[in-house]
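Student: These are the residues of each chain, in order.
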Amino acid sequence: MTIRTPRLPHPGALVALGLAALAALSFGALVGAAETRAGAFALDPYLRRVLVFALTQALLSTALSVGFGAALALALARRRFPGRDLVLAGLGAAAVMPAIVVVFCVVAVYGRSGWLAAGLDALGSSARPNPFGWTGILIAHVFLNAALAARVFLDALARVPAEHWRLAAILGFGPLATLRHLDWPILKSELPGLAGLVFLLCFTSFAIVLTLGGGPGKATLEVAIFEALKVDLDFARAAVLAGLQLAICLSLTLSLHWAVTRAPVAPTQSLPVARPDAADPRLRRLDLAVLALGAALFAPLLAATLTGAAALPRVLDADLAYAAGVSVAIALVSAGLACALALALAGAAQAARSRRRPGVAAAYDLLPALVLAIPPFALTAGLFLALRGLVSPTQAGFLLLPLVNAIGALPFAYRFLAPALATTQERYGRLAALLGLTGRARLAIVDWPTLRRPFAGAFALAAALSFGDFGIVALFGGGALRTLPYLLYERLGSYRLDEAAAIGLILVATAFLLSALAARTARC
Amino acid sequence: MKHATLPAAALVLAAAGFATPAAAQDAPTLRVYTYSSFVGRYGPGEAIEARFEARCGCNLEWVTADDAGSLLGRLRLEGEHSPADVVLGLDMNLAEQARALGLFAPHGADTSGLDLPIAWEDEVFLPFDWGYLAFVYDETRLSEPPATLEALFTDPDGPTVVLQDARTSAPGFGLLLWSEAVFGDGFPEAWAALSPRVVTFTNGWSEAYGLFLEGEADMVLSYATSPAYHRAVEGEEKYHAAEFAEGHYLHVEIAAATRTSDEPELARDFLAFMLSDGFQSLIPEGNWMYPAAMPDAGLPESFEGLITPDEAFLFDPARVAAERRALLDAWLEATSR
Numbered sequence: 000m001t002i003r004t005p006r007l008p009h010p011g012a013l014v015a016l017g018l019a020a021l022a023a024l025s026f027g028a029l030v031g032a033a034e035t036r037a038g039a040f041a042l043d044p045y046l047r048r049v050l051v052f053a054l055t056q057a058l059l060s061t062a063l064s065v066g067f068g069a070a071l072a073l074a075l076a077r078r079r080f081p082g083r084d085l086v087l088a089g090l091g092a093a094a095v096m097p098a099i100v101v102v103f104c105v106v107a108v109y110g111r112s113g114w115l116a117a118g119l120d121a122l123g124s125s126a127r128p129n130p131f132g133w134t135g136i137l138i139a140h141v142f143l144n145a146a147l148a149a150r151v152f153l154d155a156l157a158r159v160p161a162e163h164w165r166l167a168a169i170l171g172f173g174p175l176a177t178l179r180h181l182d183w184p185i186l187k188s189e190l191p192g193l194a195g196l197v198f199l200l201c202f203t204s205f206a207i208v209l210t211l212g213g214g215p216g217k218a219t220l221e222v223a224i225f226e227a228l229k230v231d232l233d234f235a236r237a238a239v240l241a242g243l244q245l246a247i248c249l250s251l252t253l254s255l256h257w258a259v260t261r262a263p264v265a266p267t268q269s270l271p272v273a274r275p276d277a278a279d280p281r282l283r284r285l286d287l288a289v290l291a292l293g294a295a296l297f298a299p300l301l302a303a304t305l306t307g308a309a310a311l312p313r314v315l316d317a318d319l320a321y322a323a324g325v326s327v328a329i330a331l332v333s334a335g336l337a338c339a340l341a342l343a344l345a346g347a348a349q350a351a352r353s354r355r356r357p358g359v360a361a362a363y364d365l366l367p368a369l370v371l372a373i374p375p376f377a378l379t380a381g382l383f384l385a386l387r388g389l390v391s392p393t394q395a396g397f398l399l400l401p402l403v404n405a406i407g408a409l410p411f412a413y414r415f416l417a418p419a420l421a422t423t424q425e426r427y428g429r430l431a432a433l434l435g436l437t438g439r440a441r442l443a444i445v446d447w448p449t450l451r452r453p454f455a456g457a458f459a460l461a462a463a464l465s466f467g468d469f470g471i472v473a474l475f476g477g478g479a480l481r482t483l484p485y486l487l488y489e490r491l492g493s494y495r496l497d498e499a500a501a502i503g504l505i506l507v508a509t510a511f512l513l514s515a516l517a518a519r520t521a522r523c
Numbered sequence: 000m001k002h003a004t005l006p007a008a009a010l011v012l013a014a015a016g017f018a019t020p021a022a023a024q025d026a027p028t029l030r031v032y033t034y035s036s037f038v039g040r041y042g043p044g045e046a047i048e049a050r051f052e053a054r055c056g057c058n059l060e061w062v063t064a065d066d067a068g069s070l071l072g073r074l075r076l077e078g079e080h081s082p083a084d085v086v087l088g089l090d091m092n093l094a095e096q097a098r099a100l101g102l103f104a105p106h107g108a109d110t111s112g113l114d115l116p117i118a119w120e121d122e123v124f125l126p127f128d129w130g131y132l133a134f135v136y137d138e139t140r141l142s143e144p145p146a147t148l149e150a151l152f153t154d155p156d157g158p159t160v161v162l163q164d165a166r167t168s169a170p171g172f173g174l175l176l177w178s179e180a181v182f183g184d185g186f187p188e189a190w191a192a193l194s195p196r197v198v199t200f201t202n203g204w205s206e207a208y209g210l211f212l213e214g215e216a217d218m219v220l221s222y223a224t225s226p227a228y229h230r231a232v233e234g235e236e237k238y239h240a241a242e243f244a245e246g247h248y249l250h251v252e253i254a255a256a257t258r259t260s261d262e263p264e265l266a267r268d269f270l271a272f273m274l275s276d277g278f279q280s281l282i283p284e285g286n287w288m289y290p291a292a293m294p295d296a297g298l299p300e301s302f303e304g305l306i307t308p309d310e311a312f313l314f315d316p317a318r319v320a321a322e323r324r325a326l327l328d329a330w331l332e333a334t335s336r
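Top to bottom, those sequences are chains A and B. The letter at position 360 of the first sequence is residue 359 when you use numbering that gives the first Met the number 0, and the numbering goes up by one with no holes. The letter at position 11 of the second sequence is residue 10 when you use numbering that gives the first Met the number 0, and the numbering goes up by one with no holes.
To be clear, the hints were calculated from the coordinates, so they are not data collected in a lab. All the pointers check out, no bait thrown in.
Stretches of chain B that chain A covers, calculated by requiring three or more beta carbons in the stretch to come under 8 Å of a beta carbon on chain A: (1) 40-46; (2) 57-63; (3) 66-73; (4) 79-87; (5) 160-168; (6) 210-218.
A few chain A residues facing chain B, derived, Cβ under 7 Å: (7) 45; (8) 106; (9) 112; (10) 131; (11) 209; (12) 214; (13) 226; (14) 230; (15) 318; (16) 380; (17) 477; (18) 478; (19) 489; (20) 493; (21) 494; (22) 496.
The calculated lysine to aspartate or glutamate pairs, modelled on DMTMM-like cross-linking and capped at a C-alpha distance of 25 Å, are: (23) A:187 x A:154; (24) A:187 x A:425; (25) B:237 x A:120; (26) B:237 x B:143; (27) B:237 x B:309; (28) B:237 x A:497.
Every residue, glycine too, gets a C-beta built ideally from N, C-alpha and C.
Kindly produce the complete structure, drawing on both the sequences and the hints.
Tutor: Structure follows, in structure tokens:
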């Protein structure tokens with residue numbers, strides 16, 4: 000191990016500083032613009048109830064999503080079947096489905112007049128499903144996040160070195176031994192980061208919790224922040240609430256990180272290998288059950304987006320082409336930015352780890368997910384306040400939209416890229432140092448071959464996520480800045496539910512294609 | 000390949016974002032802020048733009064935010080730097096907060112031609128359309144809608160409803176005010192009685208109306224003019240608004256010129272045009288609301304047979320601003336138990 004003291008700070012350190020500065024700038028601008036003092040604020044009974052509810056639902060959603068996601072990933076890793084690629088692309092599309100589309104799909108399937116109700120009717124049952132309340136929230140959250148978890152876990156499982164599988168076959172590992180010695184260490188290494196990310200997504204979930212929750216008591220802090228920022232224009236309260244949210248998320252992700260440590264990765268290249276446990280008949284039945292359950296959860300909700308197909312011919316016009324162009328441009332910029340930021344941070348974490356400073360490395364690992372705890376609405380508003388006077392509001396929108404989207408996609412990109420970078424470091428780090436390979440040469444020769452697959456996945460996911468984002472467009476959209484989600488809401492506001500559904504279908508289909516394309520790029 | 004697409008994408012963004020000011024060199028530009036559905040494919044915005052530009056020798060540029068609340072939020076963020084000349088689409092409940100920004104100039108318009116259920120005296124804000132909040136239902140699914148707001152709220156066997164959250168949505172807050180006008184201090188109990196029949200509270204009007212059309216509830220909080228849309232566009236006669244004996248909440252959409260405008264003359268011209276036939280005739284079947292000044296041709300056929308409440312509830316904006324927090328807290332207590 001060579002210990003090198005770099006003269007220049009690692010680019011990742013600059014990224015970390017930049018992100019912290021952006022957050023500070025935005026908070027500072029909010030507090031600075033506030034007319035009331037932030038002290039006049041108490042945790043009233045309503046807010047306490049919201050906190051308890053938000054924590055409970057986020058913990059439950061996370062446990063279910065991560066657990067089911069792991070089971071799905073293992074089943075998919077063990078089985079090869081026709082259409083498996085489509086299943087993987089479907090998971091990729093599900094993971095980034097816009098909240099409003101998820102809400103309408105859940106209602107179309109599980110609603111009072113939904114498919115399930117129609118099925119029950121046909122069977123002569125008068126039972127009526129009710130998706131509003133815990134059921135709807137959990138279905139929607141598990142749909143989104145189990146898909147994400149399955150994709151991340153599956154990627155991680157592919158990193159088990161080929162030697163391990165040969166050894167396992169020689170030693171005659173049964174399914175339990177395989178799980179314990181091969182799969183579990185890998186799953187465990189992904190667990191804290193992934194669970195932290197899913198928890199944050201559920202804890203800050205806004206439209207899903209509010210619309211499917213059934214009552215104002217079922218809300219998240221994000222609703223209170225939205226209210227303070229957009230309705231009461233009480234910037235001080237918004238900043239305090241956002242700070243509270245940040246503190247809760249920070250303490251939870253920190254404890255997760257300390258509870259579960261990363262497993263070391265063996266220094267070899269992995270090759271596609273037939274898993275010896277695939278033949279076990281009990282596992283075969285289990286996997287079949289898991290895959291069937293997955294199909295039952297994902298297939299109807301994804302299929303529900305197809306109801307938008309009827310109105311497709313009516314939305315295909317110049318308006319849509321323009322919005323799609325803007326969406327694509329913003330998605331490409333923000334996905335590229337998100338991947339670049341994630342790589343820089345992961346590189347800094349790696350450098351810190353090889354200098355034997357695990358605390359610093361953990362801080363880098365935490366940062367991307369923590370950024371999610373800052374409400375995008377507060378971040379955008381704060382940055383806009385800081386920018387005003389320097390650029391016109393339209394220009395500010397064009398600057399902030401890709402930036403805030405990139406920051407939103409950063410934790411996703413990081414989950415794909417950081418483990419892969421850690422793998423290359425542990426496998427080739429010493430060799431690369433011995434050969435004096437650094438910087439771009441190292442990236443091209445050493446890291447890229449391993450990184451290509453997760454990079455494609457991360458880029459596709461980040462692009463799809465940004466493609467479907469509505470948060471910031473709600474405030475700064477319009478004029479030249481019209482994206483597909485903007486158009487979706489515009490049609491919804493003009494009674495054109497069917498056209499909104501058609502645009503929703505386009506968004507989901509794009510995510511599906513991106514995901515399939517990423518898988519193909521990764522293979523060749 | 001990725002390296003080629005990124006700069007290209009950045010270029011598109013830059014062109015789209017920064018090219019707009021260049022187009023405004025020859026003629027003066029009037030920037031009108033409004034909510035997105037007003038200028039969308041089906042809104043009246045485009046036709047209004049063409050008609051106004053034909054007479055003003057200027058460029059009318061629409062700048063949009065998602066809804067009235069976002070509009071106010073954006074103005075608040077922009078402050079004195081706002082390039083807005085006119086803001087169109089706030090509602091009465093936001094009027095006081097908007098006024099407090101100190102961004103608006105007196106309209107100076109003649110209000111004698113206004114056709115509202117109430118007298119108009121505001122010197123800053125001008126109404127451009129109005130409507131009643133009402134509960135819309137599908138007669139094939141609900142044959143006997145309640146006759147009073149009281150019955151809707153308190154009858155345990157009454158219809159199920161989908162509502163908007165009073166914190167995040169203008170009609171949602173409107174219903175809270177409406178219930179307070181009808182039930183007085185007893186409004187939290189009324190809400191507690193209604194709660195079991197509320198399928199859900201959505202964050203905006205669109206989501207609630209969508210859920211209603213999908214068949215999730217018997218009634219939805221919307222506007223008394225909503226059935227006109229279904230009749231005119233879909234040829235569908237089954238949707239109606241229930242008329243309540245106590246009277247209905249009056250929703251008035253307002254506009255104002257900014258004090259910081261570079262084109263104050265043009266902004267005033269636009270406000271005057273707003274009350275003329277050229278603008279008002281586009282409102283009924285463009286924004287699905289009642290015009291603030293009756294167009295020469297009168298109301299379209301699709302508006303025939305809509306409910307005409309005897310009583311219109313309108314709330315003093317100053318009082319609303321002062322009591323807003325207390326009302327919301329009581330409402331939250333009643334509905335989130």
